[in-house]
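K.L.:
These are the residues of each chain, in order.
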Amino acid sequence: MLIPVSISISVVIFLIVQLLPGDPIDNLIRVGSSTEDRKTLVLKYGLDQPLAVQYFRWIGAIFQGDFGEAIVLRRPVADLIAQNLPYSLRLGGAAFAFSSIAGITLGTISATTRSAIVENIMRGFILLGSTVPGFWLALLMILFFAVQLQWFPVSGAKGWSSLVLPVLTIGFGGVALVARVTRVALLDVRREDFVTLLHAKGLPSRTILFRHLMPHAMLPVVTILALRIGWILGGAVTVEFVFGRPGLGSLLIRAIGQRDYPLVQGCLLMLALAVMLGTLIGDVTQAAMDPRIRETKK
Amino acid sequence: MLEVRDLEVAFGQIAPLCGVSFALEKGETLGIVGESGSGKSLTAMSVMGLLPLSGGRITAGSIIFDGQELTKLPEAAYRKLRGGRLGLITQNPMTSLDPLQKIGPQVDAVARLHLGITGQQARARTIEILGTLRIPEPALICDRYPHQMSGGMKQRIVIAGALAANPDLLVADEPTTALDVTVQAQIIRLLDDLVKERALSLVLITHDMSVVAQTCDKVVVMYAGRAIEQGPVEAIFAEPQHPYTQALIGCIPKGLSEDEHLVGIPGTVPTVMNYPKGCPFHPRCIRAEDICTKTSPSLLPRGDGAVSCHFPGAAP
Amino acid sequence: MTSITDTIARALSGFRSTPMSRAFGSWLGKIAGGFLALLVLTAIFAPWITPFDYTAQDLTNGNAPPGWPHLLGTDQFGRDVLSRVIYGARTSLSVSATAIAISITVGMTLGAAAGYFGGFFERAVMTVVDLTWSFPDILIALIFVAIIGPGLTSTTFAIAIAYLAQFTRLTRAQIVRLKQETFIEVTINLGAKPHHILLKHLLPNAIAPVIVVGMLAIGDGIVLEATLGFFGLGAQPPTPSWGAMMASGTAKLFLSPWVIISPGVVVAVTVIAVNLFGDELIRALDIRDRIRDS
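Residue numbers (the working numbering), protein chains in the order written: chain A, 1 to 298; chain B, 299 to 614; chain C, 615 to 908.
Don't read these hints as lab results, they were simulated from the structure.
Just to be clear, a hint being listed does not mean it is correct.
What the hints assert, rightly or not - Taking beta-carbon pairs under 8 Å as the criterion, some of the chain C residues facing chain A (in silico):
hint, residue
1, Phe-749
2, Val-759
3, Ile-761
4, Phe-845
5, Pro-852
6, Phe-868
7, Leu-869
8, Val-885
9, Asn-889
To be verified - Listed below are the simulated DMTMM-like cross-link pairs for lysine to aspartate or glutamate, each with C-alpha atoms no more than 25 Å apart in a straight line:
hint, chain 1, residue 1, chain 2, residue 2
10, B, Lys-400, A, Asp-188
11, B, Lys-378, A, Glu-192
12, B, Lys-575, B, Glu-587
13, B, Lys-400, A, Glu-192
14, B, Lys-400, A, Glu-295
15, B, Lys-400, A, Asp-283
16, B, Lys-400, A, Asp-193
17, B, Lys-378, A, Glu-119
Cβ atoms here follow ideal geometry from the backbone N, Cα and C, with glycine treated the same way.
Extracted from the complex, chain A is given alone in its bound form (with noise of 0.2 Å):
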């Protein structure tokens, strides 16, 4: 599934250029370049050949680490994506381990307790979450905790404080989607047959939660999360926009907004390339903890 998938996508964004109005080589190259960076540049994408032979020297070079030059930062694309990457893994790692550690405990907390309250409180924050828009709630965090309160960095990516406010506007309605699936599967699992024995067997409540009860909860979990990746992504180009931090995400937007193709194709690589990695860890985590999936992959 996921090689075809791969390819699809690096088509689509392989086309993206020769879907643009006009000739693709002037979407290559900046103006004003002289007849020989154009012929240049014709041999070394082979814009003469035909779209497949194209294609696959843009995957080639793309193996080889050659995503092009950026027309208008004038450096090699892979370069400014070297540099934008770790700022990105970083809000987008620490808005995952965020929105998962925190969703998982409260999760718990409200499927032991069987807490009404929290559970609305959960409801209502995923309704806010998923209507919200996220840039929106990025200001209005800027407004309140780093203008009115001065807590945190209005803006930056300088030490950790920078990195608080981008991930609680990111984790904002995941953290309320991970806590509602854990507390369901957890509910769920409760009243399978096998709960009712292990308590016949005498174990501790607190053993059955953490031994039994909390690795059948993380299956669906795990599957959100996987899924959740994909939205952290596009939490994150929006949040890195907003609060001014360097990344893959801000990096996509500026190229959009000035056409430039060569990067806005390698943004998108990778960005599509984290998804897909995102699903395939999910899947992988998954088989890890459960047998019979184990046995169907087989």
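Keeping the supplied structure of chain A fixed, place chains B and C upon it in accordance with the hints.
P.N.:
Below, chains B and C alone, put in the same frame as chain A:
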């Protein structure tokens, strides 16, 4: 060994179990029979102290196990009894084992917890018990996952878990209902042998009168949350006094003769929400009179057993 | 595996609005519906309602706080925020509604064809659908905007494409389910033509969930439009749009936060209203299970 007296259970305002009493000696097997919804499983859960799991509670009566009053036992002490001296076998072996864990550790856990043995010792014990339950290649089975085993094998593993800490009392809640007919007989024989070899007490919950006839010493017939007739198996089978018991016994297919019809009991079991007034069986009873619709009969001694009916007596 | 997807589906079903609708009963859905109707009317009659010309600049009165005569204050060029929010509703609603209409039309056609004919065509369509499904809508929209460039037209198409998968999936699930029902089987066996079965029997039965999901998608579309607008990739000046307003407000975030707060509140309230109203529809039509199927 076990004495249950006037047990009543409630879920919120609903009282699905009222006034169940029975007693069981060491080495005896007591059968609890009834259709689904008659309160058999609730009785089992009450003895195991597991009612709070499903949101129920004991509102009256007492459960005395080996001289100990269980209804007022604190949870920590109850936990020591469960698995240690009380073993439970549940209905559906397909869902009774944790699908994410190997067989070995699931059985080991009981001995570790209650006998204080660890690692190698616990595993050796598990293998030994699996062996006594006639499970082939027990050492290999320990490394398998539940989904790789058949229903009958899984039920044996559930039984192994219940036996791991040498309990004195086994509660088996319809242990064969979910199994194939051929496997059912094996499991029942296995339980019967265990009771004899280990001098266990067994509470066997079933809806199958023929199983009771084969294995039990005593029987309690339940209907709509009450014990309507009880006593020694021989007596009850020889001369059932309650029309419901008679009907249940009548339902057992006797042989393969041409002219025999399978008999059913007309009507359905009332649900907890609409227990009828008076004797709960009266809408389906052939002997029902006016009084049956008004007052509920109490359980009174009759012959070797006891019966709860306004018009008890042998079948006409 | 079904249990995992089922658990997630249950965890998410009605997750957006049930807490409030449970607390307030169905009148919350009605209020939401009323609000939306009012919003649509406001957008339609914007020229007669707005107190000021939304383009009129008054540099001497820039960044004025909410008060009289500028109820929601003015932006850095002294333009009336309220008037711009009202005109923004026009842009937002029309872009989102058009986009979802396109999305529904194309999605239903693809989904119905996939579900009805099955085979290779179905597999091809569903592979593409699953592919876009795993990507966040903003990324899909950005890919599209990257191709045709910033602007309202590309925003419309980008939103349409971002939610296409949803409708294809939903329609296909409906058709597959309906195909197994007896009355359709009988019709097929009686030798009815495919287009007749599809148009006369299958689509009319599949349309209710699609309409409701479409309604919810308009809410998501509004957020997406605002986001693209905020990035400067949506409506271009002088067209007023909620997203673009907030983007221009960031420059004077500390000086005049109202420029950002009021369009944001309107977006949030609109989208919440869409969800509450949609949930009310789902309950009224009793189609939650059918939506969950997909």
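K.L.:
Now tell me if each hint is right for this structure.
P.N.:
Status of the hints after comparison with the structure:
1. Phe-749: It holds, given that the least Cβ distance between Phe-749 of chain C and chain A is near 6 Å, below 8 Å.
2. Val-759: Given a least distance of 6 Å, the restraint on Val-759 of chain C holds.
3. Ile-761: holds, 5 Å
4. Phe-845: Holds. Min distance 5 Å.
5. Pro-852: Hint on Pro-852 of chain C: violated, closest Cβ of chain A at ~18 Å, above 8 Å.
6. Phe-868: holds, 6 Å
7. Leu-869: Where the cut-off is 8 Å and the nearest Cβ of chain A is about 11 Å from Leu-869 of chain C, the hint is violated.
8. Val-885: Since the shortest Cβ distance to chain A is 4 Å, the answer is holds.
9. Asn-889: holds, 6 Å
10. B:Lys-400 x A:Asp-188: holds, 21 Å
11. B:Lys-378 x A:Glu-192: With Cα atoms ~22 Å apart, Lys-378 of chain B and Glu-192 of chain A stay inside 25 Å; holds.
12. B:Lys-575 x B:Glu-587: holds, 13 Å
13. B:Lys-400 x A:Glu-192: holds, 17 Å
14. B:Lys-400 x A:Glu-295: Roughly 14 Å separates the two Cα atoms, so the pair holds.
15. B:Lys-400 x A:Asp-283: holds, 21 Å
16. B:Lys-400 x A:Asp-193: holds, 17 Å
17. B:Lys-378 x A:Glu-119: Violated, at about 34 Å.
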